[in-house]
Amino acid sequence: MSELHLLSTQQLITGLQDKQFSSVELTEHYIKRIDALDSKINSFITHTSETARAQAKAADEMRAQGDQRPLLGVPMAHKDIFCTQGVLTTCGSKMLHNFISPYDATIVSNIDKAGMISLGKLNMDEFAMGSDNSSSYYGTVQNPWNLERVPGGSSGGSAAAVAAGFVPVATGSDTGGSIRQPASFCGLTGIKPTYGRVSRFGMIAYASSLDQAGSMGRSAKDCAYLLQPMIGHDPRDATSIKHDIPDYVQDLNDAEASAGDKPFAGLRIGFAKEYFSKGLDREVEQAVRAALKKYEELGATIVEVNITDPEVTLATYYMLAPAEASSNLSRFDGVRFGYRCENPTDLIDLYTRSRSEGFGPEVQRRILTGTYALSAGYFDAYYTKAQKVRRLIVRDFDEAFASCDVIASPTAPTAAYKLSENLDPATMYLGDVYTIAVNLAGLPAISQPVGLTSEGLPIGLQLIGQYWQESKLLSTAHLFQQHTDHHLQHSTIAKETV
Amino acid sequence: MSQQPTPSDSNVSREEILDIANLARLGIDESTADSYADDISKVLKLMYTLGNVDTAGVKPLANIHEACQELRADVAKHDINRARNQSVAPAVEDGLYLVPQVIE
Numbered sequence: 001m002s003e004l005h006l007l008s009t010q011q012l013i014t015g016l017q018d019k020q021f022s023s024v025e026l027t028e029h030y031i032k033r034i035d036a037l038d039s040k041i042n043s044f045i046t047h048t049s050e051t052a053r054a055q056a057k058a059a060d061e062m063r064a065q066g067d068q069r070p071l072l073g074v075p076m077a078h079k080d081i082f083c084t085q086g087v088l089t090t091c092g093s094k095m096l097h098n099f100i101s102p103y104d105a106t107i108v109s110n111i112d113k114a115g116m117i118s119l120g121k122l123n124m125d126e127f128a129m130g131s132d133n134s135s136s137y138y139g140t141v142q143n144p145w146n147l148e149r150v151p152g153g154s155s156g157g158s159a160a161a162v163a164a165g166f167v168p169v170a171t172g173s174d175t176g177g178s179i180r181q182p183a184s185f186c187g188l189t190g191i192k193p194t195y196g197r198v199s200r201f202g203m204i205a206y207a208s209s210l211d212q213a214g215s216m217g218r219s220a221k222d223c224a225y226l227l228q229p230m231i232g233h234d235p236r237d238a239t240s241i242k243h244d245i246p247d248y249v250q251d252l253n254d255a256e257a258s259a260g261d262k263p264f265a266g267l268r269i270g271f272a273k274e275y276f277s278k279g280l281d282r283e284v285e286q287a288v289r290a291a292l293k294k295y296e297e298l299g300a301t302i303v304e305v306n307i308t309d310p311e312v313t314l315a316t317y318y319m320l321a322p323a324e325a326s327s328n329l330s331r332f333d334g335v336r337f338g339y340r341c342e343n344p345t346d347l348i349d350l351y352t353r354s355r356s357e358g359f360g361p362e363v364q365r366r367i368l369t370g371t372y373a374l375s376a377g378y379f380d381a382y383y384t385k386a387q388k389v390r391r392l393i394v395r396d397f398d399e400a401f402a403s404c405d406v407i408a409s410p411t412a413p414t415a416a417y418k419l420s421e422n423l424d425p426a427t428m429y430l431g432d433v434y435t436i437a438v439n440l441a442g443l444p445a446i447s448q449p450v451g452l453t454s455e456g457l458p459i460g461l462q463l464i465g466q467y468w469q470e471s472k473l474l475s476t477a478h479l480f481q482q483h484t485d486h487h488l489q490h491s492t493i494a495k496e497t498v
Numbered sequence: 001m002s003q004q005p006t007p008s009d010s011n012v013s014r015e016e017i018l019d020i021a022n023l024a025r026l027g028i029d030e031s032t033a034d035s036y037a038d039d040i041s042k043v044l045k046l047m048y049t050l051g052n053v054d055t056a057g058v059k060p061l062a063n064i065h066e067a068c069q070e071l072r073a074d075v076a077k078h079d080i081n082r083a084r085n086q087s088v089a090p091a092v093e094d095g096l097y098l099v100p101q102v103i104e
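In order, the protein sequence lines correspond to chains S and C. Oh and the first sequence: position 366 is 366 in the numbering used here, straight run, nothing missing. Oh and the second sequence: position 59 is 59 in the numbering used here, straight run, nothing missing.
Chain C with its partners taken away, still in its complex shape:
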């Protein structure tokens, strides 16, 4: 969809919510999906107003100062303490993060 949304586009369905929840790695049940569908449909209705704004020829703005990211010298600082950082991990073994087995 490249055109501006219309009111009918803002009615998000349960199936769409379940689909984007999967994309976002959120596990929600069908009744919760209905509730979110209602809420998000209301939020998307706010977006109609954008359709009335003429943005022809306007460039998108992502960074307010439109500043170039300053590059740092490529010098190792050794300021990352692996053990300290991993002290907050749910499961670590031999300096590696543990997750459920991925490959049989």
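One chain only, chain S, in its complex shape:
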């Protein structure tokens, strides 16, 4: 029982089906680990242990009565950006320090219907604005591989909790890399689906045209299991798209069953030299190139493609995302929910002090940047220009995909850095250089572990797919993981027993 937390989701499902352990035992195992070890990494904002215990007991009873839902009784946890009815939902902000959500996000109710057990709400950068989880009102999160390092962000708590062996899988959200970059920093696999694949209803908005929920786990198959109940059209989200619903796990199994010695025969991987230029850490580049070599050995063909200059992409993103944020966050005004300042003298004072006391510095910085970009006189020069460049970024991807099936890049230019490095905003934004184009184009992408630095820090490879091809990305990463063991390495905290 001491190593239950090192099992894959598939192994947990089999173990529950074969009665090797019960959901109650499994849930208690994870709760015990969280209680004993989370003080080291601060990955949870809210624990829901008592509800989880009751759900686990009910899951065991339902299974005994013949309920065959595969995920029944399997624990998980949610990024605290998803509204959970009756449970504190903070989005990492003082602004929502008292917000007990009156409703569930669609993905929360979907995962609940699949029978999974939520162990709580996970720490994150405030309103998902950050790349190292340093902007959370609830404190920084430490990387389970090295406590001096950041876990990435904004889904830093999700990544840290999975890497620490507190949950097998967790939800995340990705506006500019917020699933993929922390997955890379914490040695996990994480997928950001096609925009419109997963409902945004009940996911607190940062930049509505870019935000998309996804899943994080140790392997591609773990991600496939959690992503399955998350997808599908939702009439409550006008940007949710009606599309075919694949069976991701079945697709992975089929791909594995039909794979020969050269499982990637016929797969064309796009290599963009723009992704391997200045600013890329040498060890990261070596590991990513070695992974691509492995793909080649297993039958893939590497083809050179051109994509938009990453500096142009970065500028486009850091114009559009704050502009959308400044609009989205206007709803936090101290009137209907969330933080209200003490003794407001009039309505303007109520708005102004509630917002300046409730929002942290990074959120205020992005609201100001966005307000500036949208203000009279600057709108066309900044915002409209960025929207036009966004169309060109999509066009460049379309042209690249004419000659390849997926595009490879490092997920982040470096491995996890030290929290004490205290990067200025513009420098920190450069860390998103490989991930943001995917959000601007609305494409799906996956990050998978491909090695460790000499200091033992994980390195991630990103594969970008064409619209709606999450299954191809998951299968590609899964087949790679059948021939490598990078995803089987465990963090320092995961190796601790309690």
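Be careful, since some hints might not be right.
[Stated by the list, open to error] Under the rule of at most 25 Å between Cα atoms (straight-line distance), these lysine to any residue pairs were calculated in the SDA-like manner:
hint: 1; chain 1: S; residue 1: LYS388; chain 2: C; residue 2: VAL92
hint: 2; chain 1: C; residue 1: LYS42; chain 2: S; residue 2: ALA376
hint: 3; chain 1: S; residue 1: LYS388; chain 2: C; residue 2: LYS42
hint: 4; chain 1: C; residue 1: LYS42; chain 2: S; residue 2: ARG365
hint: 5; chain 1: S; residue 1: LYS273; chain 2: C; residue 2: ASP54
[Said to hold, decoys possible] Far from chain C, by Cβ distances over 12 Å, these chain S residues were calculated:
hint: 6; residue: GLU50
hint: 7; residue: ARG53
hint: 8; residue: GLU61
hint: 9; residue: GLY139
hint: 10; residue: SER277
hint: 11; residue: ILE348
hint: 12; residue: LEU368
Hints in this document: simulated from the structure, not taken from any laboratory. In this text the structure is predicted, and so the values were computed from the model without any measurement. Ideal placement from N, C-alpha and C gives every residue a C-beta, glycine not left out.
Let chain S serve as the given structure and place chain C on it in line with the hints.
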């Protein structure tokens, strides 16, 4: 300003920060405004690169799928629970949100 920004345009002043903070209903003091002015000036410098991109004849892109918003049938669902929604409000009276008096 309809032309593309130049490096000198990106130097945001304290006064501009205080002005947009007022628009965004954020109350910040002058020293904080200076700090934000520095940070935002650095971010705006990233925007120079956009000036080199030829976007003549390119339409702005707002929604990636350029999908029309699907309209729902105009049918009342009665799925909003007023009391539950207002349970998270800072101040409510008789089903109404309370704010400081606006009209004397």
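So is S:GLY139 really clear of chain C, every C-beta pair being over 12 Å apart?
-> S:GLY139 is indeed farther than 12 Å from all Cβ atoms of chain C, at 22 Å.
Does the no-contact call for S:SER277 survive, Cβ to all of chain C over 12 Å?
-> holds (14 Å)
Was S:ARG53 rightly flagged as not at the interface, with every chain C Cβ beyond 12 Å?
-> holds (25 Å)
Measuring Cβ to Cβ, find out whether S:LEU368 lies farther than 12 Å from everything in chain C.
-> Nearest chain C Cβ is 6 Å from S:LEU368, so the label is violated.
Given the hint that S:LYS388 pairs with C:VAL92, does the C-alpha gap stay at or below 25 Å?
-> violated (45 Å)
Is the Cβ of S:GLU61 more than 12 Å away from each Cβ in chain C?
-> Per Cβ check, S:GLU61 is outside 12 Å of chain C; nearest 29 Å; holds.
Given hint S:ARG365 paired with C:LYS42 - CA-CA distance at most 25 Å | holds (12 Å)
Can the restraint linking C:LYS42 and S:ALA376 be considered satisfied, given a maximum Cα separation of 25 Å?
-> This hinted pair holds, its Cα atoms lying about 21 Å apart.
With a cut-off of 25 Å on the C-alpha distance, tell me whether S:LYS273 and C:ASP54 pass.
-> Cα-Cα ~22 Å, so holds.
Interface-negative label, S:GLU50 against chain C, beta-carbon threshold 12 Å = Given that every Cβ of chain C is farther than 12 Å from that of S:GLU50, nearest at about 21 Å, it holds.
25 Å Cα cutoff - pair S:LYS388, C:LYS42 | Given that 25 Å is the threshold and the Cα spacing comes to 22 Å, the pair holds.
Test the statement that S:ILE348 is away from the interface with chain C: the closest C-beta pair must be farther apart than 12 Å.
-> Given a closest Cβ separation of 7 Å, the condition is violated.
Going through the hint list in order, the structure does not satisfy hints 1, 11 and 12.
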